[in-house]
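We have chain A already, so just place chain B on it with the hints.
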Amino acid sequence: MNFIVEHYNYWVVVFLMMVGFYIVISANNLVKKIVGLNVFQTSVFMMYISIGKVTGGSAPIAAEGITTYSNPLPHVLILTAIVVGVATTAVGLALIVRIKRAYGTVEENEFEHKEELI
Amino acid sequence: MFVQHFPVLPIILPLIAAPLCILVGRSHLAWILATLVSALSFYVSVDLLLTTIEQGVLSYAIGGWEPPWGIEIRIDAASAMILSVVTGISTLVLVYAKESIVKEIDSRQHTLFYTAHLLCLTGLSGILSTGDAFNLFVFLEISSLATYTLVSLGADKRCLTAAFRYLVMGTIGATFILIGVGMMYMKTGTLNMIDLSARIAEFDSNRTLNTGLAFILVGVSIKLALFPLHMWLPPAYTHAPSAVSAFLASTATKVAVYVMVRFIFTIYGAEYVFYTMSMDIILLVLAIVAIFKCSFMATVQSNVKTMLAYSSVAQIGYMILGISLASNLGLMAGLLHIFNHALMKGALFMAVGAVLFRTGSVDIKAFQGLGKQMPLTMAAFTIAGLSIIGVPLTVGFVSKWYLVTAALEQQHWVVAFLVLLGSLLAIVYIGRILEAAYFKKPSQLTAGKDIKEAPMLMLVPMWGLVIANIYFGIDTSLSVTAADSAAQWLTQAVTETGAKQ
Chain A
673 MNFIVEHYNY WVVVFLMMVG FYIVISANNL VKKIVGLNVF QTSVFMMYIS
723 IGKVTGGSAP IAAEGITTYS NPLPHVLILT AIVVGVATTA VGLALIVRIK
773 RAYGTVEENE FEHKEELI
Chain B
120 MFVQHFPVLP IILPLIAAPL CILVGRSHLA WILATLVSAL SFYVSVDLLL
170 TTIEQGVLSY AIGGWEPPWG IEIRIDAASA MILSVVTGIS TLVLVYAKES
220 IVKEIDSRQH TLFYTAHLLC LTGLSGILST GDAFNLFVFL EISSLATYTL
270 VSLGADKRCL TAAFRYLVMG TIGATFILIG VGMMYMKTGT LNMIDLSARI
320 AEFDSNRTLN TGLAFILVGV SIKLALFPLH MWLPPAYTHA PSAVSAFLAS
370 TATKVAVYVM VRFIFTIYGA EYVFYTMSMD IILLVLAIVA IFKCSFMATV
420 QSNVKTMLAY SSVAQIGYMI LGISLASNLG LMAGLLHIFN HALMKGALFM
470 AVGAVLFRTG SVDIKAFQGL GKQMPLTMAA FTIAGLSIIG VPLTVGFVSK
520 WYLVTAALEQ QHWVVAFLVL LGSLLAIVYI GRILEAAYFK KPSQLTAGKD
570 IKEAPMLMLV PMWGLVIANI YFGIDTSLSV TAADSAAQWL TQAVTETGAK
620 Q
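Same order as they appear, the protein sequences are chains A and B. Residue numbers for the first sequence follow our numbering, so the first one is 673 and each next one is one higher. Residue numbers for the second sequence follow our numbering, so the first one is 120 and each next one is one higher.
If we strip away everything but chain A, and leave its shape as in the complex, we get:
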């Protein structure tokens, strides 16, 4: 039990990761797939932020009397990864708009059916 409580942030990460992954695989609607992908990526962001925590450390701002700081590097890294995630979402949504225009639907089984007719 202690194992679960002490590492609760990692359990949240694992849970979100699996939820996101499941949505990506199972969703039929393309927008929902993108949402799933975002949840999946967010879980990784949370994992990185968890890594940066140093027990007993304060926020990484230089101040008198504080000697232990949390590690700021993972936060900076994940800022970059968030930007990458936003860009991916933007490209994905743009593609969905064009798919909607071309096929008239964003449901995977419906446009698959139309593709077979080509």
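None of these hints come from the bench; they were simulated from the model. Take these hints with a grain of salt, some might be off.
Distance condition first, Cα-Cα at most 16 Å in a straight line; then the derived EDC-like pairs of lysine to aspartate or glutamate [to be verified]:
{"id": "1", "chain 1": "B", "residue 1": "Lys276", "chain 2": "A", "residue 2": "Glu788"}
{"id": "2", "chain 1": "B", "residue 1": "Lys491", "chain 2": "B", "residue 2": "Glu390"}
{"id": "3", "chain 1": "B", "residue 1": "Lys276", "chain 2": "A", "residue 2": "Glu784"}
{"id": "4", "chain 1": "B", "residue 1": "Lys276", "chain 2": "A", "residue 2": "Glu780"}
For chain B alone, kept in the frame of chain A given last:
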């Protein structure tokens, strides 16, 4: 003075030129700019390759921040070799693209095509030259995002769904790599590749590091389309514009193979991956299944581009096979095949693009009778096809030769036999096209149409690659020396860290 900045130029030049392509506005000007920049990067890369073969590794601290605090650009023979291939192919494809995209891409989007192409080149050069594991992820995503855009530029609306599936798979792969890099950082506290390799060597076997390696290998396998994670590749290459297929097939997946080599040999070390984790057997089996399953799939396709795409997945199998042999010679054969496959697949996709340009179709029926109507294009297709099969005097023979030698060196008789057997399937799928082109009458698709030879701007880069196919098939000194010193360098780094223990 200027020469000291050479290592960073293949990244910086296309990155600066990419937005300029939109700003100049005209398709013609954007084409000149993109081709010039790409050619300049190629010149720099070849210069870097010659320097690294002579002097070993080149290190460059971006912004003057010394590694391991700053991001390091680190170029050794392996990266310089693949960098030369990527920038060289990019230049030829850009020359080819001018005529090719006229019929396949909406004229308003031509400048965007050049921009996306240069961004993709930036990402690929970045992956090849960076010495920082997280930076590698960022460049991987830059190139991937540009790739999704390039694929979606196709004329057929199926390119949109292909690009979307590619995006979903690619993002999952990249996120897996991100998780793996996070786990490495968790345990070692560094992201610099050289630091990482030294600190990972200190751990004998560690669960966090093992999990990280598993995530990275699966993520990279998605990116390089290793069987059974290759499902995104055939539709994406089929429906993308021809110039894009030619560029991606000969560079993007190869760079992903390089990423795998980098993680296995430089960061984790071959001993850790192959002996402690026994990944070699998994990779070996997947590679062999890829060769047979996808070569077989290639033989039953009626769309020639899909056929070439399946053939690509099979050829990636050969590269992974070389790596999984876990020997110096095997790694060298794998790297050599990266170089050689880029030459042959680039030429094949260009020839198919030329056929699409003239006949408007890439169905195998459109190829019937083309031997007489487009003799130069079909001759190029034939020579590059023979190279895929592995006929002597072509580069395909050189890579098969080294692969078989590497397998025999380790007493893997069955593997060597299977490599040769895989070539038989290549004879079948290439042979079908050649039979249609030379021995059949034009079908209804092309009958009555006046089909001429492809335009000069398409023939020149195509034949450039074909001549390279033959040249490097006969005079192997440059390519083999480069691959050999690259493999030496990669495995030597391993023994050095091993000696430190």
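Go through the numbered hints given earlier and state which of them the structure violates, listing their numbers in rising order. 2
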